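**Student:** In the order they appear, the protein sequences are chains A and B. So the first sequence is numbered by this note's numbering: it starts at 84 and just counts up by one. So the second sequence is numbered by this note's numbering: it starts at -19 and just counts up by one.
What the hints contain is simulated information worked out from the structure, not anything from laboratory work. The model shown is predicted, which means the values in this text are computed figures rather than measured ones. Certain hints may be false.
[Said to hold, decoys possible] Far from chain A, some chain B residues (derived; all Cβ distances over 10 Å):
no.: 1; residue: 78
no.: 2; residue: 156
no.: 3; residue: 159
no.: 4; residue: 345
[What the hints assert, rightly or not] When the alpha-carbon atoms are kept at most 30 Å apart in a straight line, the in silico DSS-like pairs for lysine-lysine are as follows:
no.: 5; chain 1: A; residue 1: 214; chain 2: A; residue 2: 277
no.: 6; chain 1: A; residue 1: 106; chain 2: B; residue 2: 211
no.: 7; chain 1: A; residue 1: 214; chain 2: B; residue 2: 211
no.: 8; chain 1: B; residue 1: 211; chain 2: A; residue 2: 202
no.: 9; chain 1: A; residue 1: 202; chain 2: A; residue 2: 107
no.: 10; chain 1: A; residue 1: 121; chain 2: A; residue 2: 321
no.: 11; chain 1: A; residue 1: 106; chain 2: A; residue 2: 156
no.: 12; chain 1: A; residue 1: 107; chain 2: A; residue 2: 321
no.: 13; chain 1: A; residue 1: 277; chain 2: A; residue 2: 311
[To be verified] Which residues of chain A face chain B? A few of them, derived with a C-beta cut under 10 Å, are:
no.: 14; residue: 190
no.: 15; residue: 226
no.: 16; residue: 228
no.: 17; residue: 232
no.: 18; residue: 244
Quick reminder that beta carbons are idealized off the backbone N, C-alpha and C, glycines included.
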Amino acid sequence: MLHAVDESVTPIHIHDMTVAYHKKPVLWDVDLAVPEGKLVGVVGPNGAGKSTMIKAIMDLVPKASGWVHIYGKPYSRMRQVIGYVPQRESVDWDFPINALDVVLMGRYGHIGWVRRPDKIDRELAEEALEKVGMTDFGHRQINQLSGGQQQRVFLARALAQDAQIYLMDEPFAGVDAATERAIIDILMDLRARKKTMLVVHHDLHTVNQYFDWLVLINMRIVAAGETKDVFTDDNLNKTYGGRLTVLSEAAQAVAHHQRGL
Amino acid sequence: MDEFWGPFWIVLTGALAGASCGLLGAYLVLRKMSLLGDALSHAVLPGIVIAFLLSGSRDVIPMFIGAAICGVIATVLIETFHRRWRVQEDTSIGIAFTALFALGVVLITAFAGQVDLDQECVLYGEIAYTPWDRLFWGEWDLGPRPVWILGTVFVLNLAFVLVFYKELLIASFDAEMALSVGVSAALVHYVLMGAVSVTTVAAFESVGAILVVAMLIVPGASAYLWSDRLKVILTLSALMGVISAIAGYFLAGVWNSSIAGAMVVVMGALFALSLIFAPHYGLLGRFVRQVRLSLRVARDHVLLKLLRDRESRSVSTLSWSDLVDTAARRVSGIAIRSLMWQGLITREKGYFSLGEQGVTYATRLLRNHRLWESYLNQLGLPPDHVHDPADALEHFTDDHLREEIRAALPNIATDPQGKRIPDG
């Protein structure tokens, strides 16, 4: 896969990135150039490093080595072009705020420190809520929303970020069928507007239907490319293969030595 | 000191301490870090002592700087123990604050001659002396020093919470999102902990190191029970600090006891009241909702029993004792009476039957019940397994859900037992 990457038109370019938690590697030597305007699925077993990859792109977890460029520049200078949908369980839904407050957080990056959201920010937030079909729920406390509704609120927050690239961590996890439909419609619409999306996904049945580009990972990139080329039995076996991969054995060995045994 | 100004300054000091602590404490409770408030109030001790030794005075500025630095060091230690060295978080807090507090105690005793620090005062505070502890500007008497100190701290805390409302909110709710929009959650955390440290020290002299912990945590915990709105919680938390100061002062007069102690006792009482009477999360509210729910279920069961009876025979044969058996006796008795009172059911010669509205209502319930049975049966539950879950679900099925189930059962007119699913 050695070919030159034109960075100025490449939304996400990852080069030789390794990520480790407490010295235990969870993602090895990732090389990836995500093309613009694609709806990209990130698929792999539990603990394969899917979330970690997304977090490492946004500097949320430190990289042991390698780099990530967003349209040719480091992330720290490109924050505003990335919208983020974290896993729903990553926050406390008993927090005393309403749905609109959450969506407004999507505007914070544009508002900057100290200044308050203004009328335009509020309108954009309400627009985002409308897009996910949650207009009537803006003033609902977030602990009174169903799981699917909470996920929609998270998506609305990302929409309010008005980004070029969206990184989404399992947006379909634990949602009802109607919500899944609504979310995928929005993703298709974003793709039509040339946005690039990286979506961590679990349901292999829908991969063909949802994603035009696919990244299969299991602690390393197993395969990446057009879904029709990548989504093969052979690749899936390599990704989900029953036995411990050599890499995870190696990681365990490293951790073992860390503990001084 | 005259009869008005003496008490006034004391109450004002307590109110400012309560409000300052309440504002920050609400965030500690929200961020599930109540224990950190406790830890910081002890961990700042070496900071204060070192500030004394270096500045050679009881000036507040060096004291605040020492406390803030020490508070942030404690926070960094806790984070490092926990994240880097993987010690459990509560253990990390326990180790860091006791170690720093011990260091403070050692410093005080080792330099006893040079440190004019009254340990009693550090632990219990001397709010009663407030009116006599004056601040001078040259010859000018500006008023009690603690009022100035706590007033300044209150204004700073209020400004912090107002100016950085947005940043505090996002960093507390979703640290990763905060980072991704350029708000460093770690920075917010350290600034908040620095502010807690300074506030604790400011409140030390008046209320002492032990009671300040209560002031940090109790109003926030109480306010959290009353509302789901962050702004309301913050306001209430500060307000409860103020109310406790006022009520505590008068209570101390009645009991002839420690003023700061009485203030915190009032806080505890406010918490107890909140726990009982807060509308949504209070015990009373919860109890009322439970009773209402079981009453509603009992009413539904009475109506259904009457409707089923009506399906099988033309004349009602159900007496009080038949109906009262549908649920726990005490509840179903009330349920029957309330249904009669509303005219949903009527009694004639000792036998009950449905009123016109009662029929409509009961038919809808029966429709719910049988729809659920069919639906669960279609999902694969055998017919003799579907009654009980349907019984539980029938009460909570609104129009929207009912239509969804109906749509999932396009060609089904009867339940698994072959009974007709009524329209309605």
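**Student:** All hints, please: hold or fail.
**Tutor:** Against the structure, the hints come out as follows:
With a least beta-carbon separation of about 26 Å from chain A, residue 78 of chain B lies farther than 10 Å from that chain, consistent with its non-interface assignment. Not every beta carbon of chain A lies more than 10 Å from that of residue 156 of chain B, the smallest distance being close to 5 Å; the non-interface claim is violated. The Cβ of residue 159 of chain B sits about 6 Å from the closest Cβ of chain A, inside the 10 Å cut-off, so the non-interface label is violated. With a closest Cβ-Cβ approach of about 24 Å to chain A, residue 345 of chain B is found to remain outside the 10 Å limit, as its non-interface label requires.
Of the supplied pair hints, the one linking residue 214 of chain A and residue 277 of chain A holds, its CA atoms being roughly 18 Å apart against a limit of 30 Å. This hinted pair does not check out: residue 106 of chain A and residue 211 of chain B have alpha carbons roughly 42 Å apart, beyond 30 Å. Annotation: proposed proximity of residue 214 of chain A to residue 211 of chain B holds, straight-line Cα distance about 28 Å (limit 30 Å). Taken as a hint, the residue 211 of chain B and residue 202 of chain A pair is honoured in the structure, with Cα atoms around 19 Å apart against an allowance of 30 Å.
Taking the CA atoms of residue 202 of chain A and residue 107 of chain A, the gap is about 47 Å. The hint is violated against a cut of 30 Å. Our distance criterion of 30 Å between C-alpha atoms is met by residue 121 of chain A and residue 321 of chain A, whose separation comes to about 24 Å. Between residue 106 of chain A and residue 156 of chain A, the direct Cα distance comes to roughly 27 Å. Compliance with the 30 Å bound is thereby established for this hinted pair. Distance hint between residue 107 of chain A and residue 321 of chain A is fulfilled; the C-alpha atoms sit about 22 Å from each other, no more than 30 Å.
Under the criterion of a C-alpha separation no larger than 30 Å, the hint pairing residue 277 of chain A with residue 311 of chain A is consistent with the structure, at around 20 Å. Contact between residue 190 of chain A and chain B, as hinted, is supported at the beta carbon level, the nearest pair being about 9 Å apart and thus within 10 Å. Because the beta carbon of residue 226 of chain A sits about 7 Å from the nearest beta carbon in chain B, less than 10 Å, this interface hint is met. Given the 10 Å rule on beta carbons, the hint for residue 228 of chain A is violated: about 12 Å separates it from the nearest Cβ of chain B.
For the restraint placing residue 232 of chain A at the interface with chain B, the shortest Cβ-Cβ distance is roughly 14 Å, beyond the 10 Å limit, so the hint is violated. Interface restraint check for residue 244 of chain A: the shortest CB-CB distance to chain B comes to about 8 Å, inside 10 Å, so the restraint holds.
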